[in-house]
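Novice: Spelled out, the chains give:
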Amino acid sequence: MAAPTVEKVQEVREVTRIERIGAHSHIRGLGLDDALDARNVSQGMVGQVDARRAAGVILEMIKEGKIAGRACLIAGHPGTGKTAIAMAMAQALGTDTPFTSIAGSEIFSLEMSKTEALTQAFRKSIGVRIKEETEIIEGEVVEIQIDRPATGTGAKVGKLTLKTTEMETIYDLGQKMIESLTKEKVQAGDIITIDKATGKITKLGRSFTRARDYDAMGAQTKFVQCPEGELQKRKEVVHTVTLHEIDVINSRTQGFLALFSGDTGEIKSEVREQINSKVAEWREEGKAEIVPGVLFVDEVHMLDIECFSFLNRALEDDMAPILIMATNRGITRIRGTNYQSPHGIPIDLLDRLLIIATTPYDEKEIKQILKIRCEEEDVEMTDDALTVLTKIGMETSLRYAIQLITVASLVCRKRKGSEVDVDDIKRVYSLFLDESRSTQFLKEYQEEFMFNEMSGTAQSMETS
Amino acid sequence: MAEKWTSQLNSAHKTCIVQEGRRKIHYTFADGTEMAEEYDQRSGDLIIRKWRRKGTFGSKGTSWDFEVGEQLMSKTLDPEGLVESSSNPIFVRKDTKVAFQWRIRNIPYPLHVFSVTVQDDNHKLIIKTSNKKYYKKFSIPDMERVGCLLTQDSISTAHANNTFIITVRNLLGTMCPLSQQKPGSVDVLSNFTQHKCLTEDVLSQVTQQVTQYKCPTNIKNQRKSWKWKRK
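Protein sequences appear in the order of chains A and B.
Each step along the first sequence adds one to the number in full-length UniProt numbering, with nothing skipped, and position 60 is 60.
Each step along the second sequence adds one to the number in full-length UniProt numbering, with nothing skipped, and position 183 is 183.
Simulated from the structure, these hints should not be mistaken for lab results.
A few of these clues could be false.
To be verified - Restraint-style ranges between C-beta atoms, simulated for each label pair:
#1 A:R129 x B:E3: 57 to 65 Å
#2 B:K4 x A:L36: 16 to 24 Å
#3 B:S11 x A:K278: 20 to 28 Å
#4 B:K4 x A:K131: 22 to 30 Å
As the list claims (entries may be wrong) - Using 16 Å as the maximum straight-line C-alpha spacing, the simulated EDC-like pairs for lysine to aspartate or glutamate come out as follows:
#5 B:K132 x A:E228
#6 B:K128 x A:E168
#7 B:K133 x A:E168
#8 A:K278 x B:D31
#9 B:K128 x A:E230
#10 B:K137 x A:E228
#11 B:K54 x A:E133
#12 B:K136 x A:E230
#13 B:K133 x A:E143
#14 A:K196 x B:D65
#15 B:K136 x A:E228
#16 B:K124 x A:E230
#17 B:K132 x A:E168
#18 B:K137 x A:E168
#19 B:K133 x A:E64
Stated by the list, open to error - Far from chain B by the CB rule (all over 10 Å, computed), these chain A residues:
#20 D34
#21 V41
#22 T165
#23 L173
#24 G199
#25 E230
#26 P342
Beta carbons are placed, not taken as given, at the ideal position from N, Cα and C, and that holds for glycine.
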């Protein structure tokens, strides 16, 4: 009986998601050792030893979870790994600590006031760990049967038979359940749990009674006893929700559906107050635990003076998360005023910040980063080509050099080569201008561009 | 325990309407939990009692939990999730005047396969089948609410027409200390006295509302106008 079922499951084509490669997808952590000293190359991070060590100290502070409302600023030149450090912190914190990442310009929306957007971001970064009772189905798979419609298209239907030592139940499966069952590679003889509310499937292992089905099996195959009693059980699970999620659930009649549609709108302050007092109550009763998370605001100089004064106030709240900001500006105008200030942040806020500085990379570090990116983007490159690319990175910018990796590999593939060579690099270097060469070009040929005939009047018009 | 339950019932916000030959009563308790009951108007039998509880985070519950009776609307298989197949046994509580009764339909095994025992310090009933096809552990919320225990000798079972029937004699009348206080004499509401050992003032409260809400005026008017049209 088991054999045909197994075949049926394997018939369905495996759906493996291909992850897209992002700018920081190679980062897996801060790369620190136990004494918080930064290893020079580790977990995708290279160089910036001091900044990483400082970030590690902040990380410890977050993990303690006792101190609220601290803020730190990562400042440095463009392309020196500010966002990378923030991403690494998020990775190091794990999935249970809320980490919200926004860009400074994100809060300017017509539908929501700036402070509302900031408040929501703040509340997204505070988790509440709470026990909740959920219904789960736990049993051994007796049979799983998936029927595809004869026409080839349309919804699949299926049946799943589960048993415990005492009983047996047949379930009808919907489309989504079939997909997740095939993704988890569930087959007859497995012991699984299904969370009834979310539909999440967890494989606990294989049943002892099936231990002799195969002669060979993976080392990680775990054998478990068939569960006893009823199939459906109520079980207490601990999970972390953010304050924002609780806000949304309580703010509207349609409840949590708004979370998925994203249309949350403004949330009334009364609702927030109610929830704060409710959470405080849970905390006192020992039902819940607050998990302060991290709010990361990239390009913080894009915030204006109102936001900064709001931040000043919000950081004093005892429910505030740790705020990490990043900027690449030097002394510049504070948005919304005519005053100049370091990093475009008012002095009173700067005074509350711990500032981490990042420094430009040296040649060896650039080479290392390019090597890591080559691996991440699945590009083979000769040593010479890498040296040339490093030189380009030193003279122009690291970002430009990183962008050349993929285009060079495409050029290489066009000439049917297997490894990116110096010639490929040279070719793409001549094809694509970097920022300084582009500026140079503009300076030389400025007159030939549009609207340049009346340069005198244009200049006078520009000032507004 | 019983006092706690009656005081809870007392303080609940109650609404009552009569519709389609059923007296429907809706309770909202202080913690936001809702309970709805439906009684047959002629016999006074409790047909449905269902609960809707609030989620942990204050969200309103979306589905009703049936304590007595069943949802008569056909279940549609939503294309996403997983639903118990209609070929499984269906477990429904359907009380009579003198006993609690459960019917497990769609279960074809002979009577000797089943065994019903009282377990968990006389709090819970367990149905077992010797062919390992069905197992259920459940309590009688009515007894639990007033703190009464179960006894093995009050249980009787039967099997006919693919249905397994468990009957538990209703001992609340004899065992509960509360019921010694003389319950209200309203005949239609005898179910209240049976099942929940209501104190007299709860009864009078409810009966008052029953008379008040006998039929919502708008429904009455609708019916009138409809009659007029026919004439």
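Novice: Straight-line Cα separation of K196 of chain A and D65 of chain B no greater than 16 Å?
Specialist: Given that 16 Å is the threshold and the Cα spacing comes to 15 Å, the pair holds.
Novice: For K133 of chain B and E168 of chain A, compute the direct alpha-carbon distance and say whether it is at most 16 Å.
Specialist: holds (5 Å)
Novice: Could you let me know if the closest chain B CB is still more than 10 Å away from the CB of G199 of chain A?
Specialist: violated (5 Å)
Novice: Against chain B, does V41 of chain A hold up as non-interface, every C-beta pair farther apart than 10 Å?
Specialist: For V41 of chain A, whose nearest Cβ neighbour in chain B is about 44 Å away, the distance exceeds 10 Å, so it holds.
Novice: Grab the minimum beta-carbon distance between T165 of chain A and chain B and tell me whether it stays above 10 Å.
Specialist: At roughly 7 Å from the nearest Cβ of chain B, T165 of chain A sits no farther out than 10 Å, so the non-interface label is violated.
Novice: Take the C-alpha atoms of K133 of chain B and E64 of chain A, compute the straight-line distance between them, and say whether it is at most 16 Å.
Specialist: Violated, at roughly 51 Å.
Novice: Taking 16 Å as the top limit, are the C-alpha atoms of K137 of chain B and E168 of chain A close enough?
Specialist: holds (14 Å)
Novice: Check whether the Cα positions of K278 of chain A and D31 of chain B lie no farther apart than 16 Å.
Specialist: Holds - the C-alpha atoms of D31 of chain B and K278 of chain A are around 13 Å apart, at most 16 Å.
Novice: Within 57 to 65 Å: is that where the Cβ-Cβ distance between R129 of chain A and E3 of chain B falls?
Specialist: violated (36 Å)
Novice: Please check whether K4 of chain B and K131 of chain A have a Cβ separation lying inside 22 to 30 Å.
Specialist: Because 24 Å falls inside the window, the suggested range holds.
Novice: For the pair supplied as a hint, K54 of chain B and E133 of chain A, is the alpha-carbon distance within the 16 Å limit?
Specialist: With a Cα-Cα distance of about 12 Å, the restraint between K54 of chain B and E133 of chain A holds, given a limit of 16 Å.
Novice: For D34 of chain A, is the shortest CB-to-CB distance to chain B above 10 Å, so the non-interface label stands?
Specialist: holds (38 Å)
Hints 1, 2, 19, 22, 23, 24 and 25 from the earlier list are contradicted by this structure; the remaining hints agree with it.
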